[in-house]
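I would like the entire structure built from these sequences, with the hints used as guidance.
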Amino acid sequence: MTDDPTSVVTVSLTIDGQAVEVPEGTSIHKACKSAGIDTPTLCWAENLTPVNVCRVCVVEVEGQRALVPSCARPAEEGMVVETDSERVKHSRKMVLEFLGSGVDLDQAPELQKWMDHYGSDTSRYDQYELPALRMGETPKIQDNLYIRDYDRCVLCYKCVEACGDDAQHTYAIAVSGRGFDARISTEFDVTLPDSACVYCGNCIGVCPTGAIQFKTEYDLRQEDDWRPEDQDVTRTVCSYCGVGCNLELHTQDDKIVKVTSPADHSVTSGMLCIKGRFGWQYVQPVDAPTRKA
Amino acid sequence: MADLYISEETADDIEMAAVDAVLDGRFVVVRESERLIRAGTSARHGHRHLLLPALHALQNAKGWISPGGLNYVCETLQVPPAEAYGVATFYDLFRVEEPMQFGDVTHVCVDAACQIAGAADRIAELKAQGLNVHESPCLGQCERANDVTGEVAVFVQSVGGPDSVAADDTPYELFHQKGDESLRLLKRIGVVDPTSLDSYLAHCGYESLTAAIEMGAEAVCTAVADSGLSGRGGAAFPTGIKWRAVAAEQGCPKHVVANCDESEPGTFKDRVVMENDPFAVIEALTIAGFATGAENGWIYIRGEYPLATARLQNAIDQALDAGLLGDDAAGSGHRFHIEIRRGAGAYICGEETALFASLEGFRGEPRSKPPFPTTHGLFQEPTAINNPETLLNVLDIVQIGADGYRSRGSERSPGTKLLCLSGRVAKPGVYEVEFGTTLGEVLELAGGLTGSGELNAVLMGGAAGSFVDRRYLDMPITLEDARERGTTLGSGVVMAFTDEIDLVDVLVRISQFFSDESCGQCVPCRVGCVRQNETMVVLQEKGSLTSERRQLVNDIAQVMVDASICGFGHTATNAINSAIKLGLVPGVPS
Ligand SMILES: Cc1cc2nc3c(=O)[nH]c(=O)nc-3n(C[C@H](O)[C@H](O)[C@H](O)COP(=O)(O)O)c2cc1C
Ligand code: SF4
Ligand code: SF4
Ligand code: SF4
Ligand code: FES
Ligand code: FES
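As given, the protein sequences belong to chains A and B, one line each in that order. My numbering applies: residue 186 is where the first sequence begins, and numbers increase by one. My numbering applies: residue -10 is where the second sequence begins, and numbers increase by one.
Hint data in this document are derived by calculation from the structure and do not stem from the laboratory. By construction, the Cβ of each residue, glycine as well, lies at the ideal position given by its N, Cα and C atoms. There are no misleading hints in this set.
Some chain B residues close to chain A (C-beta under 7 Å, calculated; not the full set):
hint, residue
1, Y(-6)
2, P70
3, G75
4, T78
5, G509
6, C511
7, R515
SDA-like cross-link-like pairs, simulated, lysine to any residue; straight-line CA separation at most 25 Å:
hint, chain 1, residue 1, chain 2, residue 2
8, B, K531, A, D306
9, B, K416, B, G139
10, B, K358, B, Q239
11, A, K298, B, Q547
12, A, K274, B, A546
13, B, K358, A, E247
Spelled out as structure tokens, the structure:
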């Protein structure tokens, strides 16, 4: 016991045989990180409340019947965690394989890397006349700011959280439908200009698979001219108001192709408003969307 | 949050009147009168639990939920339209597109008991008659499925009027133990008038509540704990531990919930009790409230049970008038009210945390446990949630004591159990049997097999349960024997299949059920259920599985058991894998 109010209570646990000590309340995922163990995540992000739905981060905890999501479960005193057991490897492999069998993960290099790591084989589901059911969506292109291509959507809920309670409080999009028919949608699937959307683009910022992306990026990709390796990222401060949001201007051939904000920035936590995100018309004009009268 | 964006479509007078009627009515008893509703977020959360009743009102008024109607609800309850749409589209009984055919929808069951009684033919007939037919998962009337008459379960969803089930205007005759002196849970079925409090009182009604009040709350919890009663909703969790945990929580509103969602294919016991002895459910829930110190009682009942809903509501109304519910329930000094909420067609809403989400006006997506309902249940407040059969047992426990209760059944499975007999048995129906009765005896009780075939398999515990074969006929029906022999009692389903039935067709349907009913939240289950179904369809078409596909069956099952969020994903592969393991599936090596 100590009287120092600033002292941090810590818990000790074992991860893959290694003793680890972390502050109380730390997630298993972060405890793994502190022990130098990399864990795949998909629905988790530093700036969002964990929803623990994707299950790609599962680990085995001694004494627990099912595997537990490391992103959301706090480390506990005396826990014995396995991150590389057969069960863990199998679940991670299968989760990634399931995702890859139903959606287009071409623009999710991080997931591709983990799929290689765990040996996920998405072709296993298509070996008969009966093709495996897929998302089967075509891109929704409703304005010149951003597009939604739900054939790439892994239903990680990140955009919903960013649009709702975790950042924007606009609630323009939500999960609709059930089971494999679940989709991110506005009410009655109305177009974004006809919805509550305020074009903050925070959903774009958090989407891990490119299902929501800048129209500029989408167009370049369509032309097969999206070249991240040739892009510069310039960090600057948004010029519209006094809040001081940091912007990262991604430029290709001296043209702005998208705007992000660092997730760890103290002012924005990665979130912006329409002005910072899209308000660069004074540099390069685009047609702004208008709501149906 | 005052500035919700709501589009210009408006509701018509019929829609507005329907919604207003719900929101002004008795639904607000438990929550609103006691809560300080401020603006902003707390106001939204304060009203949000009325979303499901409001959506029901719209659906019933027009046969669908129109954009204008949804806007009206959203404006009134301050729910963002995208979220309300997300909720509406979660449920089978709600439509968000104007129907081609206006009017009643006839839901016909296509799950196992009805499937093998000829549901496909019945559907073709009804369609030929011009009815608007919708194929439905198990409607909880499996005892009506009859392969001789071709009768299958039907539920009619109405526009403008009340919904109905076949039994609405016929007396219940499918109970075969009527008057049996040894019955504990079903003693009043077919004997008492389910619409009359007086009749209930004349059949020992409310003697248990009186006894409970005399004993005091703590003694009731102790008796329930000592009785060894475990939950009958499927998970068999000790009820006494749950009640004590809730009783120990202090300083915030508490809830008791009767989980009457009963949607596990093959299960209809709760419906039989609610339709034929509704006051018993109300009395038992009142005792639960008294014992745990919860003032708020809730009944969440599946939307396809209109008769049970009406009978329970009638029972609540009469009990309230008689002072058996209310601010001083039965003179106990304890305040206790009960509200009924109707589900809208979603099996997953029987999972306790999904049920809370649904009742609160959100999509019926299960939440991660821990935290558990006893501390973070309905509205994140301490909650004891029980199956109605579990609650019924308490009526006896407080009267005959824990020892008296334990005089029947086995040491680890004391008491009696309700079983839902269906499939190829001569007298399908609900049976109350003492724990320890063997499976063979149970099938005999239901009149033995029908048809000319031999017994091939029995589905135990429902679609989420597992198949057993003839070798299990000597298995005593107890929790411990079921566990030891790798099966489950689940929700009490005992569905018999003879060798005339193609089990692969049944497996395809079971896998389809899980694909349809997964909430879709977690990847292992959302995708796994679909892939499992595809595998079964391939098996049906080809008559066998390649070794790669055979491997897939195992791989899918393992990730679903290991990594799914809730019990749905954990059990969705059981039936199929048990059938394969027993060698019941030709073309698939066990
Ligand atoms: C997918 C799923 C569906 C369920 N459906 C029901 C149900 O319809 N009725 C029920 O009482 N319990 C159901 N349960 C179990 C509940 O989660 C919970 O354990 C039960 O209501 C607790 O009551 P008991 O302890 O009295 O059994 C379901 C569980 C799962 C995973
Ligand atoms: S741009 Fe902003 S307001 Fe529009 S959907 Fe995305 S997060 Fe919501
Ligand atoms: S659109 Fe992107 S962020 Fe939204 S759920 Fe799909 S994958 Fe996740
Ligand atoms: S296991 Fe299935 S039903 Fe349960 S949370 Fe996951 S997707 Fe939903
Ligand atoms: S990252 Fe942990 S469940 Fe998705
Ligand atoms: S009502 Fe048809 S299987 Fe239950």
